[in-house]
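Number of protein chains: 2
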Amino acid sequence: MSELLPTAPYRGTRDFLPADYSVREQVFHRLYEVIESFGYQRYDGPILESAEIYEAKSGRELADQQLYTLVDRGGRRLALRPEMTPSVARMIAGHAGELTFPARWYTNVNCHRYERPQRGRLREHWQINVDVFGTESAQAEIELVELVHAMFAALGASTDMWRLRINDRVLLESMLVDLVKVAPEQVKPVSKLIDRWEKLPADRLAEDAAGLGLSDGQFERLGSALRSGLALLDELPAEAKARSTLVPVLEQVPELVSYDPLIVRGLDYYTGTVFEIFDTDPANPRALFGGGRYADLAGLFTTQKIPGIGFACGDVTLPDFLATHGLLPAAAPEVDAAVLPLAGDLFGPARSVAAGLRAAGLRTTVSLEQRKLGKELTRVARAGALVAVLVGAEDWARGEVTVRDLGGRDQVTVPVAEAGPAAARIVRAGRGIGSAGRGIGSTAGAG
Amino acid sequence: MSELLPTAPYRGTRDFLPADYSVREQVFHRLYEVIESFGYQRYDGPILESAEIYEAKSGRELADQQLYTLVDRGGRRLALRPEMTPSVARMIAGHAGELTFPARWYTNVNCHRYERPQRGRLREHWQINVDVFGTESAQAEIELVELVHAMFAALGASTDMWRLRINDRVLLESMLVDLVKVAPEQVKPVSKLIDRWEKLPADRLAEDAAGLGLSDGQFERLGSALRSGLALLDELPAEAKARSTLVPVLEQVPELVSYDPLIVRGLDYYTGTVFEIFDTDPANPRALFGGGRYADLAGLFTTQKIPGIGFACGDVTLPDFLATHGLLPAAAPEVDAAVLPLAGDLFGPARSVAAGLRAAGLRTTVSLEQRKLGKELTRVARAGALVAVLVGAEDWARGEVTVRDLGGRDQVTVPVAEAGPAAARIVRAGRGIGSAGRGIGSTAGAG
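Quick note, the sequences are listed as chains A and B, same order.
To convert, take the position in the first sequence, counting from 1, and add 459; that gives our numbering.
To convert, take the position in the second sequence, counting from 1, and add 459; that gives our numbering.
What the hints contain is simulated information worked out from the structure, not anything from laboratory work.
Each hint should be verified, as a subset may be incorrect.
Note that identical chains are pooled: a pair holds if it fits in a single copy or bridges any two copies.
Claimed, not checked - Simulated pairs of lysine-lysine, DSBU-like, Cα-Cα distance not exceeding 35 Å:
| # | residue 1 | residue 2 |
| --- | --- | --- |
| 1 | K651 | K640 |
| 2 | K658 | K700 |
| 3 | K834 | K647 |
| 4 | K831 | K658 |
| 5 | K640 | K834 |
| 6 | K834 | K764 |
| 7 | K700 | K834 |
| 8 | K831 | K640 |
| 9 | K831 | K651 |
| 10 | K831 | K764 |
| 11 | K831 | K647 |
Note that the structure is predicted; figures quoted are calculated from it, not measured.
Work out the full structure, taking the sequences as your base and the hints as a guide.
Put into structure tokens, the structure is as follows:
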């Protein structure tokens with residue numbers, strides 16, 4: 460016999476067994492509901508894309524070190540999408556003529572990055588992307604900030620559990636050029652230094668700043684500007700603030716955001732507002748959501764200038780956040796009812812009884828094999844069934860079946876036509892659901 | 460300026476814009492509901508798998524010619540899953556100790572095969588997989604056959620639109636060995652010939668059969684056996700029929716299946732029942748569903764013998780079937796309501812009005828920019844809104860807003876608190892929905 464292959468998934472990817480899947484989808488589903496309530500429409504796209512769409516725009520680190528690439532049998536160089544923005548830019552550019560702007564789109568896709576797996580980082584993760592395309596209005600910023608608050612509220616999180624840190628690259632650049640007097644060509648490297656500001660020790664920061672050509676005085680002004688919070692705005696020229704789409708956010712919904720000059724974000728295509736959401740619990744240092752505004756989303760694909768703003772939220776850091784704050788939902792019950800034929804020639808009758816239970820909205824299994832009754836009852840109860848319907852020869856001959864409450868252990872023999880309603884009453888009571896109807900025990904968010 | 464990149468997706472893959480996505484998900488969602496009503500639990504797994512799990516079991520053609528492979532930066536040889544069975548086998552093997560068998564699992568995953576794109580075949584497709592693990596009972600066959608019928612019924616298809624053609628490799632082998640007197644080592648190549656029986660002309664079949672060493676008499680017996688339908692069963696030895704899990708299906712639910720000795724299926728791991736579902740309209744010659752039984756699902760991963768039976772149904776052939784029979788659902792309306800601030804300082808009030816509409820279950824957008832009223836009303840109506848709420852300065856000063864029916868063009872000015880219920884009544888009437896409650900216009904199957 461040949462050697463057995465390992466059963467673990469590929470490093471940095473995950474299997475979602477039904478219990479894991481149920482938890483993940485309950486979280487996603489709450490988010491979908493909120494996002495759709497804001498009028499966002501879901502879309503989807505292929506995992507494989509031409510590699511060059513990432514190399515052009517997504518930033519060096521991602522393209523050089525994190526991209527999974529392959530060459531197909533026709534010689535085309537492809538990549539597994541590491542993020543969704545280039546794909547959606549391609550789609551928007553290809554259909555710009557038919558779309559009504561502003562277009563509110565969202566998706567939930569798996570993305571791949573070759574990273575060292577660690578807390579908050581995997582190689583394959585699912586990522587909800589929410590974008591508004593075709594508007595330069597700061598009202599889009601405000602809408603997304605409001606949506607983020609609604610999403611966290613839907614997850615049961617209070618505002619002390621997380622913080623939306625927001626900046627604007629227009630303000631960032633003005634701070635560097637007008638206050639710190641950084642040369643224009645140094646704006647980008649110094650921005651990248653700011654992006655690592657909280658991760659590096661002070662002496663290393665000073666060293667790197669010097670390496671970039673900043674004088675001691677400039678380094679000091681930079682540090683002081685980064686620490687000054689909202690007061691920084693008073694020092695920036697009116698012209699820069701007039702171009703900023705963040706300033707209206709700070710004026711109109713100051714209670715929803717924390718202005719933070721340290722927020723830069725890595726992706727090259729952001730040109731305006733940038734924001735990240737962090738757990739206030741230091742157990743989760745990685746961003747939960749991140750996003751920003753781009754002046755020209757689809758420049759790789761079209762000469763039409765399509766601005767937009769969007770964010771993504773991943774399924775690696777978010778469950779960590781929910782677990783930390785005790786907000787992770789329990790796995791949903793797996794099945795509602797089980798029908799047990801008590802003799803080998805009663806499988807057919809058992810199937811017809813099950814059809815009646817399903818019509819009553821119960822997720823219902825039928826035993827596939829004859830087992831000892833006690834053993835089979837244990838098995839179906841362990842699978843989550845709250846009620847068992849026993850189909851015995853004598854009962855069946857009289858047009859009856861026995862409906863057994865697996866919690867209370869009561870049982871009642873009823874005409875076949877009443878098995879569905881009787882079982883549904885037990886399930887409803889067991890699940891604490893008052894009303895009738897289909898989908899009593901349906902896995903939340905199945906889909 | 461550099462050259463623009465193409466906006467088309469990679470050949471053989473698809474973009475799902477919101478209207479396309481809505482149609483796809485409505486179809487999927489109906490299927491999920493039925494599958495869950497039978498007690499199947501959804502799972503998910505990674506797209507990347509070790510390449511060797513396909514090379515071992517999925518059949519030569521798939522592994523040699525159709526697999527998308529890559530080597531990661533750590534030198535691991537990976538593949539994009541071309542099908543789900545090896546992945547789920549890995550998962551079941553890894554968790555066999557914790558699972559309750561029979562385990563009923565389903566998923567919907569995208570799979571990749573390098574094929575020449577054509578009607579019914581793409582390089583990336585979504586595939587619902589439904590399996591029962593851990594049982595040798597023919598009741599599992601019957602359950603899946605019943606489930607298939609329920610799935611087609613949920614799609615609105617009547618039984619004259621499709622046909623479930625079923626065979627059993629046990630019976631196939633017995634036919635070849637006991638009736639046609641094929642040598643044991645020729646069973647597999649002759650089975651592959653049968654798999655192509657309907658695609659090849661008669662002279663080519665005869666030629667290939669001769670090439671495999673079949674005599675003229677054997678070829679004639681084979682042809683006659685393949686045409687004999689149910690009568691073939693009378694000629695097979697009782698011993699083979701006793702081992703077959705298809706025979707009980709033919710005895711107990713003959714009305715649900717068509718026994719067909721021509722059905723073989725390509726994948727190497729099938730060992731018993733095999734079936735395919737075909738459109739009765741010759742416009743769609745490719746199978747809509749396909750599946751079968753395996754005696755030892757997870758032999759690559761564990762010494763524990765885990766039998767099972769399952770099927771897959773893809774999102775390429777199924778929409779073709781639905782379109783052919785006029786059963787494809789329409790794209791769902793994209794949004795229910797729109798709130799329009801009539802002056803630049805009324806965005807905040809408009810957002811609070813929108814919150815009230817969302818609480819009344821309406822998917823609601825707020826205009827992000829000031830446009831001419833007529834133009835904006837046209838735009839939101841085109842986006843699918845049935846009702847617009849106008850927030851004007853004078854109304855707002857009195858605590859009122861104007862609710863406008865975009866279909867009937869009636870409008871009424873109401874206190875702000877009544878805007879949600881008033882708008883919901885209009886949407887309900889417009890969508891033909893009688894009852895109240897959340898999710899009035901929710902995209903079916905969002906998730």
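Do the hints match the structure? See the list:
1. K651 <-> K640: within (17 Å within a copy, 75 Å between copies)
2. K658 <-> K700: within (29 Å within a copy, 70 Å between copies)
3. K834 <-> K647: Classified as neither; 68 Å inside a copy, 41 Å across copies.
4. K831 <-> K658: neither (62 Å within a copy, 49 Å between copies)
5. K640 <-> K834: Neither way: K640 and K834 sit 78 Å apart in one copy and 46 Å across, limit 35 Å.
6. K834 <-> K764: So K834 and K764 pass the 35 Å test across copies only (22 Å; inside, 67 Å).
7. K700 <-> K834: between (72 Å within a copy, 30 Å between copies)
8. K831 <-> K640: neither (83 Å within a copy, 43 Å between copies)
9. K831 <-> K651: Cα proximity of K831 and K651: none, with 68 Å in one copy and 42 Å across.
10. K831 <-> K764: between (70 Å within a copy, 23 Å between copies)
11. K831 <-> K647: Classified as neither: same-chain Cα gap 72 Å, cross-chain 40 Å, threshold 35 Å.
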